[in-house]
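Trainee: According to the working numbering, the sequence shown is numbered sequentially starting from 882.
Be careful, since some hints might not be right.
With a cut-off of at most 30 Å between alpha-carbon atoms, the simulated BS3-like pairs for lysine-lysine come out as follows [stated by the list, open to error]:
(1) K909 x K975
(2) K962 x K975
(3) K909 x K1020
(4) K962 x K909
(5) K918 x K1020
(6) K1020 x K962
(7) K918 x K975
(8) K975 x K1020
It should be emphasised that the hints constitute simulated quantities derived from the structure, not laboratory data.
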Amino acid sequence: MSALLKAVLLSAALAASHVAGPQQGLPKLPLTFPNGKTIQVDLAATPAAREIGLMHRRALPRDYGMLFAFPGEQELQFWMKNTLVDLDMVFLDKEGAITALHPRVPRSRVDAPEETLARRSGRGQYVLELPAGAAGRHKLRVGQRLRFALPRPLS
882 MSALLKAVLL
892 SAALAASHVA
902 GPQQGLPKLP
912 LTFPNGKTIQ
922 VDLAATPAAR
932 EIGLMHRRAL
942 PRDYGMLFAF
952 PGEQELQFWM
962 KNTLVDLDMV
972 FLDKEGAITA
982 LHPRVPRSRV
992 DAPEETLARR
1002 SGRGQYVLEL
1012 PAGAAGRHKL
1022 RVGQRLRFAL
1032 PRPLS
């Protein structure tokens, strides 16, 4: 095998090994809804974890969520880049009270132009992403409080 062919094959193998996939290895914590139901959520507390979020997941379990934690309350905007499932987005203040609720935010295609991606905004310190329909199943409403305890230090 020629050196050039080996180099091309090695480059292709390295590129394939860096194909984006679902984020793994995040801390988990229990989160309790106002109806008393508790689920385990992944915690995205670092800039890198928040940036990747639920990208590239083809399905989500019914009782699953990802909690995005920010250093303080602020205006937040989330988008659905490379998010392959419909989601409910729940914006929460520093006490865990719902400030904005966006049910059934539509998924995107991996190759979708950025200007066509769904975007949702709200004020908060946390955003909970759930499988589409979960907010309705748990009868979530603005003003209700979700309970969770973050690890310290937050990282």
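Trainee: Given the hint that K975 pairs with K1020, does the C-alpha gap stay at or below 30 Å?
Mentor: holds, 21 Å
Trainee: Taken at face value, is the distance from the CA of K909 to the CA of K962 at most 30 Å?
Mentor: holds, 23 Å
Trainee: Assess, step by step, whether the Cα of K962 is no farther than 30 Å from the Cα of K975, and give holds or violated.
Mentor: holds, 26 Å
Trainee: Can the restraint linking K1020 and K962 be considered satisfied, given a maximum Cα separation of 30 Å?
Mentor: The given pair, whose Cα atoms are some 27 Å apart, holds under the 30 Å limit.
Trainee: Holds or violated: are the alpha carbons of K909 and K1020 at most 30 Å from each other?
Mentor: With a Cα-Cα distance of about 23 Å, the restraint between K909 and K1020 holds, given a limit of 30 Å.
Trainee: Just to be careful, I want the Cα atoms of K918 and K975 compared with a cutoff of 30 Å; is the pair within it?
Mentor: holds, 21 Å
Trainee: Holds or violated: are the alpha carbons of K909 and K975 at most 30 Å from each other?
Mentor: holds, 19 Å
Trainee: For the pair supplied as a hint, K918 and K1020, confirm whether the alpha-carbon distance does not exceed 30 Å.
Mentor: holds, 11 Å
Comparing the model with each numbered hint stated earlier shows that all of them hold.
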